[in-house]
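*Asks:* Work out the full structure: start from the sequences and follow the hints.
First to last, the protein sequences are chains W and L. By the numbering used here, the letter at position 294 of the first sequence is numbered 294, and the numbering carries on one by one without gaps. By the numbering used here, the letter at position 34 of the second sequence is numbered 409, and the numbering carries on one by one without gaps.
If you are wondering where the hints come from, they were derived from the structure by calculation, not from laboratory data. Every value quoted in this text rests on a predicted model; they were computed, and no experiment measured them. In this text, a Cβ means the ideal position worked out from N, Cα and C, and glycines have one as well. Check before you lean on any hint, since a few could be wrong.
[Stated by the list, open to error] Just so you have them, the derived chain L footprint on chain W, three or more residues with Cβ under 8 Å:
{"no.": "1", "segment": "120 to 129"}
{"no.": "2", "segment": "176 to 182"}
{"no.": "3", "segment": "207 to 219"}
{"no.": "4", "segment": "256 to 270"}
Listed here are the chains, written in short residue letters.
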Amino acid sequence: MKRFFGWMPGIASAMAQGPWGGKSDGPDGNDGQGRDGDGKGSDGPRNPWTQPGRPGAKGPSAIEELLRRSKESFGQGGGGFGNLPPRPSGKALWPAAIGILVVLWLVLTCFHRVGPQERGVVTLLGKYSRTLSPGISLTLPAPLENVTTVDVEEIRTIDIGSTRAESENLVLTGDQNIIDLAYSVRWNIRSPELYLFQLSDPDSSVREVAESAMRSVVASVSLEDALGAGRTEIEQQVEQRMQEILDGYRSGIRVQGVAIKQADPPTAVNDAFKAVSAAQQTAQTYLNEARAAAQQVTAKAQGEAAAFDKVYEQYKLAPDVTRRRMYYETMEGVLSNVDKTIVEGGNVTPYLPLPELRRRAQGGAPQGSATVEGQ
Amino acid sequence: MQSLVRHPVALALLAIAALLLVGSTIAIVPETKQGVIVRFGDPKKIINRYRPNEDFGKTGAGVILRWPFIDQIVWIDKRVLSVEMERQQVLSTDQLRLQVDAFARYRIVDPLRMYIAAGSEERVSDALRPILGSALRNELGKRPFAALLSPERGQVMDNIEAGLNRVARQYGAQIVDVRIKRADLPDGAPLESAFTRMRTAREQEALTIRAQGAKQAQIIRAEADANAARIYSDSFGKDAQFYDFYRAMQAYRYTFAPDRQGSTAMVLSRDNDFLKQFQGR
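*Replies:* What follows is the structure, given as structure tokens:
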């Protein structure tokens, strides 16, 4: 760290001054790799290529000449590999550009912004060093320390099966029936280090574990429970089982919840299930009708009994009179509406003018004749 | 020194050479990997080997030194790996077929052994896959169909895991977990017959429900009738003779009511009780 920041003033002065000086033998020339070249350069042996004094004379130097010319073509002769030392006062753009790059590199790789929902896992040369809390944190520059930010708050959702009809996720229940199940699993990351370092493929692991847990739980309940009543319990059991398995992997994952979105009989047998609910409705209808009729019958009985009781009460007070009164009143009512023929008793043969009566009865309505005999 | 600086190409070449040297001397071991250092094909050392329950940061990860160009490092995943089995058809003891998907999770605990025996994680997976399949078939084939659906499944899994672990150990791997992902009836006849069974069961249920409903309704009606009869007899039974008279009067009124259909003609005898007073007797 110290060493890297130690560069900073040097770079600053380079930017300000321009002259790169004969001393700093351009480790920045190759950026990050420079720090290795640094040590090398000081005690490096004299190169076989370096003996010719001026460039441009021999084979390998031709390249340099080319380079120099191309450099001179822009930037008013500044820069150029070979030209640096002899022109201490020249306006060199190169060091400045490199300096900016270095600063950029440091800024981009040393400062880390960790959002409120995130944690930053820092590895120092591959080795886990610490976990950054939200906020701005400082680390060593890139090749030394690496930061992987992991969103620990975000609830991830995995959907298994779908509520659409065309794709069915058939699951066997404990009583060997089959249901079409769609559910979703919500999870987040409890421990970013474990999440990053423990499982080779945590996301698909969650999915597989969910499927396995759901199927084993459903395989232990009956069709009835799976279709309705037992749903909440299934959800809880799956959640618990998933958490156990994932903890077994030390996955650093927390299962937040399992929600069964749909638990239906498969399409192939859906009609039969509908027939059952239709039958339930029908049975309920039968019962309702019967109850209504029963109410009616009972009420009628109660009414009639009450009426009789009332009359009987009066009748008992004066039986003969009441009886006659009732008789006359009834006869009055009855006989006032009918055609009457009174026949002299004894030896007179009664003549019943039936054809005539029939004619009088209009519209062919059923008609009858009655003889009211006294008691 | 001067001349070196004057010749940047040389400098660059030197730097590259130095970099190569450093790069092949220093190796960075990440937390997720373990490795075997191999010198001319001879495995010398294991780095960052998996140990259960170790804390990250205290493992062997980090920077290590090796002999450049001589030592090679074979990287092996340290994490939990997964091997998925292809769908297997399993025949249970009661001759029912079941389509089974399973997966196993394992981790390399002995990188050296794994390097010698398999060479790469992939080959370990390839070796475990058929064994997982056959272990599953054997184990499930010993049981009746219903057992596969029952909680006994846990026992099945343990047996498979034990069997698989024996093989895995030969590859320096350790099975973490074996699970049946799916157990389905195969498409076609078995699935169809299961559907038919479900359908007929529902139809039976529907009929039963309807019949039960009708039965209940009938009972309710009968109870109401009985109740009514009791009410009538309680009331009318007090005086049967008067009831006869009273009810007759009601019946006459009802029968000969003016809004009844049809007209009525009556032929009355002089002896009629109603006409008793007619005769002035």
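*Asks:* A separate judgement is required for each hint: does it hold in the structure or not?
*Replies:* Hints versus structure:
1. For the segment 120 to 129 of chain W, the stated coverage by chain L holds: 7 residues have a C-beta nearer than 8 Å to a C-beta of that chain, and at least 3 were required.
2. With 3 residues carrying a beta carbon less than 8 Å from a beta carbon of chain L, the segment 176 to 182 of chain W meets the three-residue requirement, and the given coverage holds.
3. With a cut-off of 8 Å between beta carbons, the segment 207 to 219 of chain W has 7 residues touching chain L; three or more are needed, and the interface restraint holds.
4. Here the segment 256 to 270 of chain W counts 4 residues with a CB under 8 Å from a CB of chain L, which clears the bar of 3, and the coverage holds.
Against the hints set out earlier in the document, no violation occurs for any number.
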